[in-house]
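Asker: The task is simple: from the sequences and hints, build the whole structure.
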Amino acid sequence: MTGYVMFRKDRLGRRGGGVILYIKESIQAYEIKLEKQAECEEAVWCNIVTGNSTLTVGLVYRSPNISMEENEKIHNAIKEVSKRDCIIMGDFNHGHIQWTSLQSTGREDQEFLNLVQDSFLSQHVLEATRGENVLDIVLSSQKEFVDNVEICEPLGCSDHNQIHFIIKVKGERNRKIRYRKKFHKGRYKDMREYLAKIDWNNTLKNKTATECWNILKSEIDCVVDKFVPLKKQGKRSKKKHLSKEAIRKIKYKQMMWKTYRHTGSEEDYSIYKEAHNQATAEIRNSKRSYEKK
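In this text, residue positions in the sequence shown follow the UniProt record's numbering: the first is 1, and each later residue adds one.
Treat the hints as calculated values from the structure; they're not laboratory data. There may be inaccurate statements among the hints.
[To be verified] Below, simulated EDC-like cross-link-like pairs (lysine to aspartate or glutamate); rule was C-alpha separation at most 20 angstroms, straight line:
#1 K251 - D268
#2 K83 - E72
#3 K143 - D118
#4 K170 - D147
Answerer: In structure tokens form, the structure reads like this:
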């Protein structure tokens, strides 16, 4: 995804699954490893640099069919990370915890609730994220780290609702200056003269095809660096992949989702699903049209 750094942990043993975390490339962040007893199968952990400190951000998936050993590793990971400034999010599949009253049914749900409380973590998601259950949660070591939590419509074909929220911690910016070649300002006459002076017959003599290609590529790279000036690149402008019609249908879909969330009626859900399908189709058409340009 353009403009973001990807951190991922793939599910082992079969296709699909795993977790993936994107962090803006302008933010200083790096992946970290936890202690052996806290190495979860489907979790990724990163540190975001915040001035003289760091914020640990974790993304976790806990399967509903999790083994006791893996469940313990997730608990160990939370215990370890909660000792520092942190935000932990993901699908934990603890659907029988009532986060408003801090009550639960079932042994595993109660153990997890106890863990969150004993680790002095705040849980910010109080509305259902799948069906009538709160499966996807956001934990933080300090309550003020997370603000403006909003449950939004599912993304794509997922049956889980999106969670939008603001992390109120200022990360250090990467101040990397980007440059791009100004090919329209290239000194192509000088390039040709430079390349014409190379004794290609002698340079490529007795060389394999691969060796010849590498030599040629190296010389071309050299001549481009020498005769094509650089320009400091400003902020990337967002590509207009979406048409006005696609944006209109996306907004209508979002509006219908909020209506359904408010009423909970089957009729409003059907209207939302139709709006979702129309928006998805229009997005595909818009992207195809953009790619043909």
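Asker: All the hints need checking, so say for each whether the structure fits it.
Answerer: Here is what the structure says about each hint:
1. K251 - D268: holds, 16 angstroms
2. K83 - E72: holds, 17 angstroms
3. K143 - D118: holds, 15 angstroms
4. K170 - D147: The hint holds at about 13 angstroms.
Comparing the model with each numbered hint stated earlier shows that all of them hold.
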